[in-house]
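Trainee: Chain by chain, the residues run as shown.
There are 2 protein chains.
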Amino acid sequence: MKRLICMMLLGAGLSSFGIGDLQPLENWEPVASGVWKVQIGETDRELAYTDMAARPPRLDALNALPDVPFPFSESPIEFHRSDERMVQVHIPTKSDEVIYGFGLQLDGIKKSGKVLNLNVDHWAKGGGRTHAPVPFYISSRGYGVFFNTARYLKVHVQVGNRKDSPNLPDPVDRNPPPEEPAPGPWKALPDSDAVEANVRAAGLEMIVFSGKSLQDIVARYNLYCGGGVLPPLWGLGFWHRVPSDFNAAQSQSEVTAFARHRIPLDVLGLEPGWMTRSYPCTFEWQKYRFSDPAAFTQRMLDQGIRLNLWENPFVSPEGTLYKKLYPLSGSHLVWLGLVPDYTLPEAQEILCTQHANEHLSIGVSGYKIDEVDGYDRWLWPDHATFPSGTPAEAMRQAYGLIMQNMLYKDLFHKNNTRTYSLVRSSNGGASGLPFVLYSDSYQHSEYITGVSAASLGGILWTPEVRQAGSPEEWRARIQTVCFSPLAMLNAWSSKTKPWEYESVTDDVRSVIQLRMRLLPYLYTAFADYNRKGIPPMRAMVLEQGVGPVKTRDAAAKLDGVTNPYAESVELEQNDQFMFGPSILVAPYYEKNLLKRNITLPKGNWYDFYTGEFVGNGTTIEVATPERIPLFVKEGAVIPMLTKSIDNSRDAYGHPLEVRHYGKQPGSFELYEDDGKTFDYEKGDYALRTFSFADGKLTQKRIRPGVPLFGEVERWMEMTK
Amino acid sequence: MKRLICMMLLGAGLSSFGIGDLQPLENWEPVASGVWKVQIGETDRELAYTDMAARPPRLDALNALPDVPFPFSESPIEFHRSDERMVQVHIPTKSDEVIYGFGLQLDGIKKSGKVLNLNVDHWAKGGGRTHAPVPFYISSRGYGVFFNTARYLKVHVQVGNRKDSPNLPDPVDRNPPPEEPAPGPWKALPDSDAVEANVRAAGLEMIVFSGKSLQDIVARYNLYCGGGVLPPLWGLGFWHRVPSDFNAAQSQSEVTAFARHRIPLDVLGLEPGWMTRSYPCTFEWQKYRFSDPAAFTQRMLDQGIRLNLWENPFVSPEGTLYKKLYPLSGSHLVWLGLVPDYTLPEAQEILCTQHANEHLSIGVSGYKIDEVDGYDRWLWPDHATFPSGTPAEAMRQAYGLIMQNMLYKDLFHKNNTRTYSLVRSSNGGASGLPFVLYSDSYQHSEYITGVSAASLGGILWTPEVRQAGSPEEWRARIQTVCFSPLAMLNAWSSKTKPWEYESVTDDVRSVIQLRMRLLPYLYTAFADYNRKGIPPMRAMVLEQGVGPVKTRDAAAKLDGVTNPYAESVELEQNDQFMFGPSILVAPYYEKNLLKRNITLPKGNWYDFYTGEFVGNGTTIEVATPERIPLFVKEGAVIPMLTKSIDNSRDAYGHPLEVRHYGKQPGSFELYEDDGKTFDYEKGDYALRTFSFADGKLTQKRIRPGVPLFGEVERWMEMTK
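Protein chains in written order, with numbering that gives the first Met the number 0: chain A, 0 to 719; chain B, 0 to 719.
This is chain A alone, in the form it adopts within the complex:
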């Protein structure tokens, strides 16, 4: 061995591999207020996530935000490129700093002390492999970092110590003798002073965000990715996916049964049985089950029901698209179906034309794009080749995004029809794409965590309901999903119905009805996502309030007093989240099915249902499992429908109830448009404000336009 190694030393050159080889990243380019980017090496631009975003950066909205300083002026980010075709970056962190994010991590949002392989995959607990491993994180010190590359990113989040670090802790003997005790406890993970990451690529684009608060940082990320999605109004109603083998008659019966049980319904999802062949797919209607798809779809639309079609992207040799897509697909098959290279315009054209002609033209409203995530044994290997030359790894990371981008732009946007759809993988830059993530996993606490985790990375997540072990679990899961981005029962395999457990059916109906009544509030929350980048549902850490958290000490005090959320900087608080601007949601789940604790941030909080004051910066216990615990911020104004409706059609022109909570004045800016087209992008939307002050409501139309909802029928001071 020695001789060879000596030769190697001569060949490689010691100097080029020393530890002094990190170079400061200079040339940060200010892109917009609070946004800077830099390019290391040569990036393959087609692999940048932002190229798959729904829209270009919202520079106007960003530049309307206050200026903030570049967060790495004092301690620069450093980098190194090796001849192994690897780029590494070293991002300094302070000892009191906490890192959150990296996409849909269902095991928690705090990532300090972890090593993550950010690879698209079925959910694999703890290692970073997930349906949406968004390479974006935020720091408790008030900045965000985005790796804009569809590569497998490996990140050491405050794990590891460089030997030339000026901040090295003193080692501690792990087995000291009694005569010479150690100065402190030995740590399996010594304190680190950096986030380090690497990609195997010739280059890397990094984007840094700053802001006035953690929420502001996330909002700027979303705006940089084109803003958040604004779903059609029907997308925010209740969804139901029928069993895989249902035919037209069975599907109609299901809709009728919903009406009979007075359970709201807006979207019916058809699972693989609607197709002539699935796994792999033809995308063509199965005539044995749906003899007249156009008539069926129209009949559904007549009842206010939108159809969502399941598909996976892998093309069956028994379908008409196969021959055309064969030369435009990758070297490997998935379930013996082609993997089209949808980075190619001609491949996009083939699928979108078929979808437009056979689905959209007859009134289909959306898709569920399944199986774009993994596992390794299901998808293509990393050595697969694609006709565009896109590396297999990038295809794996971005396939879900590519599908979303294609269907959004070339099918729905092109036809000026909004969709709200489902997808099982996503990644960076996705905030504007009208797709919601879901999983095959099914742990309720993880599903609740998903709502928080998704909010940190520009993605949306549905904790869909499939089945339950008890009536109480059933009720709690439906309560959770009704306060998520997409309220869905997915009975594809379980064959469940909302009235599965008679003992809780009234509670189930109530919470779905409450979601319907909240449509005005919820639709505006999404408009704020679209226009301001503020996620409609949010992790509690985004509610820190006054300015970015600079240190744990700072977090411990807000306005000079103890901050109850100091704990959330260190401990996670993923079983409660924010819904829209002012409602805190704390679902019942698992061991907390009948009673649970809730930590209220600083400020006065009120019970949503009764208006009563419940606490300020305290932990309270609730035990009212028949309804989901909801708490409202001091001064909040909440517009609702006066009555429950069974379908979002009935929201149009429906009179409003406007509620005010607490003692302080407050206001709400209601967003309205046609609820279904992209005309709002041309300015066709209306805004009106509801302001409560001195015990009275003032409505002001600040932007004219056709209103979606009706007039205010009643206003309510909820807090006496």
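Keep in mind that the hints are not guaranteed to be accurate.
When chains are identical, the list treats them as one kind, so a pair holds in a single copy or across two.
What the hints assert, rightly or not - Here are the simulated lysine-lysine pairs, BS3-like style, with alpha carbons at most 27 Å apart: (1) K124 to K186; (2) K186 to K286; (3) K322 to K162; (4) K413 to K323; (5) K162 to K93; (6) K211 to K601; (7) K211 to K124; (8) K322 to K186; (9) K662 to K601; (10) K186 to K494.
Calculated directly from the structure, the hints in this document are not laboratory data.
Fit chain B to the supplied structure of chain A, relying on the hints for placement.
Mentor: Same frame as chain A, now just chain B:
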């Protein structure tokens, strides 16, 4: 996106990425009988595992074996190199082919249908990440494939289908309507026709092995890696590791207690407390616990006890080696200790000189090299840099090997002193290195599987005992470890003793004594590993017997009759294994603690203890948990000591009992040497045969030399 993609298409060139880009691997170079190699691209030779082997290929021994044809003459292996710095290979397989191997895979030896990331790591069930992910596999069709590179290898083992494959199965609709039923069951993993693998490197060396049987293929692999290790005789005795905080007096008490309980003991292992600082390490004696290491070591040697010292490679700033090794270590620390670049001769020199002066010179006999495996959060990142220029990935894959190679060559071999030591990671080419693997995991069934798995990849594994939940589990675990390469109780944390459970102490003592009595048989089994490449303990699949298994059909019939091991081609049989040439071991474990089934291969088998015939190609049940089930092949001859001994010293000159089982004649070639030096490499060893025929034993000395063991005192026909 479209514009960018069009540009990319022009830039990359469609043609160079088409699916027709696999090229046949030609230029296979015959290296020895049954061994061919080929190089793809430019390999970095310092990363080849064979360069870290104990010895160069045993070409003489290989060329003495029968010629066999190259297994890929009809269907060539193909390859492709991409400008992404990736090499992929495509190795055709037949539909009836089964793949085994890839190193220490504790979840089973059959790997068909799996995707493996062959990365050195703590054991991670199912994904390929393990302490010794040897990139070598064998096929039921009679060949082996070795990827001779210290890279992360990703292998799709008969998973995946290329779209240009001539063997594609017809897709099956997963959701057929009743009117059009599917022709067969839908498969989540469609039948594949290849093993595909990739590395991210500029090149790759592959070596193909063939042979007359699966055992012969493995033997040729081991011979190519320099042959198997021959441990010192003491290494095959019983080992005990004392609690971490034990001092010299406590260690001596433990040795005394072993003698008092009449439990054999050859090796005492000291855990981290022997060092002044550990995690990271100084390698220097902790004087508070061991005030006179030389006297202590000598006192142990005087009692026949060898010392084994725990260490991990990470260098504490509080030790004398730190300053010298600082410039010769990598960019990152582990537990705040340096990671020396031991591919550098000057770094090797520093450690070996210290070890020679402070350990070897006073009589220390070996090491336990801990923590060379992972996890990611403990070791260095893939972007770490090392002064030799060796990539961090290769350092991760090979660090355990590099340590083994260095200590073997530059410490022990250089001083003509054999060692038998422990290590927690290994990899390809390791068969000649005197180190045995162990793990932090502790599932008994996995530990038994480890014995089989290790035998397929030139590594040794100890299912060490630490604690148990019941006396019966305790006994069963000690029985298992006594029939493994290294019989050890590791009480570093559990503080257990062999006499932990009084109710089974007699059984525990018996099985340890049986191991001692079997030393002549066992030592020869290791000599066969050394000289012929035959693993001393072996997976049952290596016992197929007559020639390589060509197909499942062929496996189903051996000599024209049904082969009970046909099942083991499809199902795994990892809870029984071969020990030496003729003993089948079937430990009790977990749900089979008091009774279990055993599948006997074709041929007559006899109870080891009684000599009774037990079966031929049948499954039998045993329920004698007080002793480990052992079965002996027809005609086998087994040399043993006449009596049990408490220390391997007493084996020297000890009289022999030679047993014969069954009705057929048989013989045994006993290997003997000094049991402790490398003089055998210069020819200083003896051979004698014991032959049973017509009811009488003949002893023949076929190679003169000083015998290790004594004369035959009795021979026994075990089968009446």
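Trainee: Which holds for K662 with K601 at a C-alpha limit of 27 Å: within a copy, between copies, both or neither?
Mentor: Within one copy only: 15 Å inside, 88 Å across.
Trainee: From the Cα coordinates, with 27 Å as the cut-off, is the pair K322 and K186 best called within, between, both, or neither?
Mentor: between (60 Å within a copy, 23 Å between copies)
Trainee: Can you tell me if K413 and K323 fall within 27 Å by alpha carbon in one copy, between copies, both or neither?
Mentor: Classified as within; 23 Å inside a copy, 68 Å across copies.
Trainee: Using 27 Å as the alpha-carbon threshold, which applies to K124 and K186: within, between, both, or neither?
Mentor: Result: close both inside a copy and across copies, 23 Å intra and 26 Å inter.
Trainee: Regarding K322 and K162, is the shortest C-alpha distance of 27 Å or less found within a copy, between copies, in both, or in neither?
Mentor: between (57 Å within a copy, 12 Å between copies)
Trainee: Go through the copies and call it for K186 and K286: within, between, both or neither, with a Cα cutoff of 27 Å.
Mentor: between (64 Å within a copy, 24 Å between copies)
Trainee: Can you give me the call for K211 and K601, within, between, both or neither, at a CA distance of at most 27 Å?
Mentor: Within one copy only: 18 Å inside a chain, 77 Å across chains, cut-off 27 Å.
Trainee: Using 27 Å as the alpha carbon limit, work out where K211 and K124 are close: within a copy, between copies, both or neither.
Mentor: neither (32 Å within a copy, 44 Å between copies)
Trainee: Using 27 Å as the alpha-carbon threshold, which applies to K186 and K494: within, between, both, or neither?
Mentor: Between copies only: 23 Å across chains, 50 Å inside a chain, cut-off 27 Å.
Trainee: Tell me, please, which holds for K162 and K93 at an alpha-carbon limit of 27 Å: within, between, both or neither?
Mentor: Cα proximity of K162 and K93: one copy only (17 Å, versus 51 Å across).
Checked against the numbered hints given earlier, this structure breaks only hint 7.
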